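Starting from the structure of chain U, add chain W where the hints point.
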Amino acid sequence: MKAVCWNGIHEVAVETVPDPQILNPRDAVVKVSLTAICGSDLHLYDGYIPAMRKGDILGHEFMGEVVAVGASVENLKEGDRVVVPFPIACGNCFYCRKGEFSLCDNSNPKAWISEKMYGHPCAGIFGYSHMMGGYAGGQAEYVRVPYADVGPIKIPEHLNDEQSLFLSDILPTGWQAADECGIKVGDVVAVWGCGPVGQFAMLAARHLGAGRVIGIDYIPERLEMARSHCGAETLNHAQIDIQEALKEMTGGRGPDACIDAVGMEAHGGGPLGWYDKAKHLGRLQTDRPTVLREAIQACRKGGTVSIPGVYGGVVDKVNFGAAFNKGLTLKMGQTHVHRYMSELLGRIERGEFDPSFLITHRLTLEEAPQGYRIFREKEDGCVKVVMRPQTVH
Amino acid sequence: MTFSTSEMQNHGINVGGSERLASLLGGGLLTIYGLTRGSFGGMAMAALGGGLLYRGATGHCATYGKLGLNTAQGEGDLRNIRMRESVTVLRPRDELFVFWRDLENLPLFMSHLESVRQMDDKRSVWTAHSPGGLAPMIWEAEIVDEAPGERIAWRSLPGSDIENEGEVRFVEAPDGEGTEVHVTIEYHPSRGITGAAAKWINPLLSQMVREDVRRFKSLMETGEVPTVEGQPRGH
Chain U
14 MKAVCWNGIH EVAVETVPDP QILNPRDAVV KVSLTAICGS DLHLYDGYIP
64 AMRKGDILGH EFMGEVVAVG ASVENLKEGD RVVVPFPIAC GNCFYCRKGE
114 FSLCDNSNPK AWISEKMYGH PCAGIFGYSH MMGGYAGGQA EYVRVPYADV
164 GPIKIPEHLN DEQSLFLSDI LPTGWQAADE CGIKVGDVVA VWGCGPVGQF
214 AMLAARHLGA GRVIGIDYIP ERLEMARSHC GAETLNHAQI DIQEALKEMT
264 GGRGPDACID AVGMEAHGGG PLGWYDKAKH LGRLQTDRPT VLREAIQACR
314 KGGTVSIPGV YGGVVDKVNF GAAFNKGLTL KMGQTHVHRY MSELLGRIER
364 GEFDPSFLIT HRLTLEEAPQ GYRIFREKED GCVKVVMRPQ TVH
Chain W
1045 MTFSTSEMQN HGINVGGSER LASLLGGGLL TIYGLTRGSF GGMAMAALGG
1095 GLLYRGATGH CATYGKLGLN TAQGEGDLRN IRMRESVTVL RPRDELFVFW
1145 RDLENLPLFM SHLESVRQMD DKRSVWTAHS PGGLAPMIWE AEIVDEAPGE
1195 RIAWRSLPGS DIENEGEVRF VEAPDGEGTE VHVTIEYHPS RGITGAAAKW
1245 INPLLSQMVR EDVRRFKSLM ETGEVPTVEG QPRGH
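Residue numbers (my numbering), protein chains in the order written: chain U, 14 to 406; chain W, 1045 to 1279.
The hints are simulated quantities; they were obtained by calculation from the structure and are not laboratory data.
Small disclaimer: the values here were computed from a predicted structure and weren't measured.
Note that beta-carbon positions come from the ideal geometry of N, C-alpha and C, so glycine has one too.
Since no wrong hints were added, every one of them can be taken at face value.
Simulated restraints, written as ranges between beta carbons of each label pair:
hint	chain 1	residue 1	chain 2	residue 2	range
1	U	Phe333	W	Glu1209	47 to 55 angstroms
2	U	Glu87	W	Glu1221	21 to 29 angstroms
3	U	Gln252	W	Asp1219	51 to 59 angstroms
4	U	Arg363	W	Gln1162	55 to 63 angstroms
5	U	Asp329	W	Pro1192	50 to 58 angstroms
6	W	His1173	U	Asn173	46 to 54 angstroms
7	U	Pro169	W	Gly1220	37 to 45 angstroms
8	W	Glu1221	U	Gln383	45 to 53 angstroms
9	U	Pro38	W	His1173	21 to 29 angstroms
10	U	Glu365	W	Gly1193	50 to 58 angstroms
11	W	Gln1162	U	Arg360	50 to 58 angstroms
12	U	Asn173	W	Asp1219	42 to 50 angstroms
13	W	Ile1187	U	Pro169	55 to 63 angstroms
14	U	Gln383	W	Leu1178	47 to 55 angstroms
Chain U on its own, in the form it takes in the complex (with noise of 0.2 angstroms):
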């Protein structure tokens, strides 16, 4: 089968490579018929995640078709249409039992590498580095699906691929971060980065009640988006003082939640900002936390500081001491997907909202190398890449 390989920094080339088995009795084998590059992908392709070995197959954003399954798995049947969920989680262990599916226990055949980093190992994720688990990825025309029974989601007929895709991240990512703001109606929720997850969240907090929604970004294309499909004001941050705006805005007491969807590779500003990009070049820092930092500074006091947006290791000059004085609460961590999938296709079913407004470029898998550039260089408007392997119909 084709498939996309990761094969050093800024390298990725469509290979050929042996279809993926069954392995386990709880695995799936699904055809994929469509999948996407995230904005957590960009972080590989820059060579800032640790544990990447050459030729190890990226992506895990996909939906397909069952073609196959384990002696164990009794839910599926080859034939049935699938989102899967991007953390990979057995449905057994302590946190599997509380809802906690990404922070799984049994996931990761290579747990060792995350538990030496981080103290506890993490879950499995598809073609996310071998520090968590070294999975294959869905960026292929087949890929194999541990815990079959736990994670898929069938999708009804009626809904199509594009509608239904984004279920397997990056909307029921930007709706945790939004859930974990705990808002209440009328609160002011703002959202740094107005990119797929971004987005996601200020639709979220807009159906979770939320008054008013701050979208804050650099790239035009983006902020409308934010205005058109989400509801947000925008704020440019190339162009104004973000404290003082957000300030301005809420007489004073600043935003009730803030939401970095932006994560570790954010584009900072000023002498701290060419501090961070310095460390991180020489991967003195692994993190560059610009938004982090933001967002303690802007939250008012006893506020929420929502994080989905991906960071990795050690990071520098973040105002502790505002979190702590402030009495911020601060969420975080990869996303329970399992936990949110059936509401949101309840949601998309019932019309509330169509997650594929995010959708601006439209490729073959073949395109892959080309989908990777133009989407971190956020050149052509691009916002959000799906790819369709070609020998699906």
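Chain W in isolation, oriented as in the chain U frame:
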């Protein structure tokens, strides 16, 4: 079926039994890890691992030969290697006990074992994986103590080349839902590991036991051991 010391010394063997096992296990881990990394560092690791595999499998170490060291005989710098690991498994105590007490299940989660064959209720024959079709390492063990649902202790029979013992205890977790599993594995000093070698072999062995315990937890909780071995990848 056990190696005897006299046999070994007749074949240029200058690495002690426990250390041979450690070399095999550590070498295997290093080789696999090194090869999968693919980088220069990885290749160096794989090369070192290969060397360890060789000395483990053949019982001969060229470095020891040159240095005039022989840990297969004599007193040397003796020490115990003791490894302890604990994990909480979300399954009932009795179920875990019954599974472990059937020693033939152990290779399902102890990666260095090829098989365990129970001879009778107490005695069993253990075979470790041998890379490259070299002579397998085999030893006999017996259950020396057990309390149903609570504890199993085993020990290699006297005269085994790889003298080792182990104990597993099952304790109800505080919430009453799961079971704390406490494992102790000990390798004995009869022809023990020298201080310097022990310093870097110990962590490898500890990690191996840790991974075994982790696999046990996964197997009991989910019915399978997570794996990516055999999946496709690019070149």
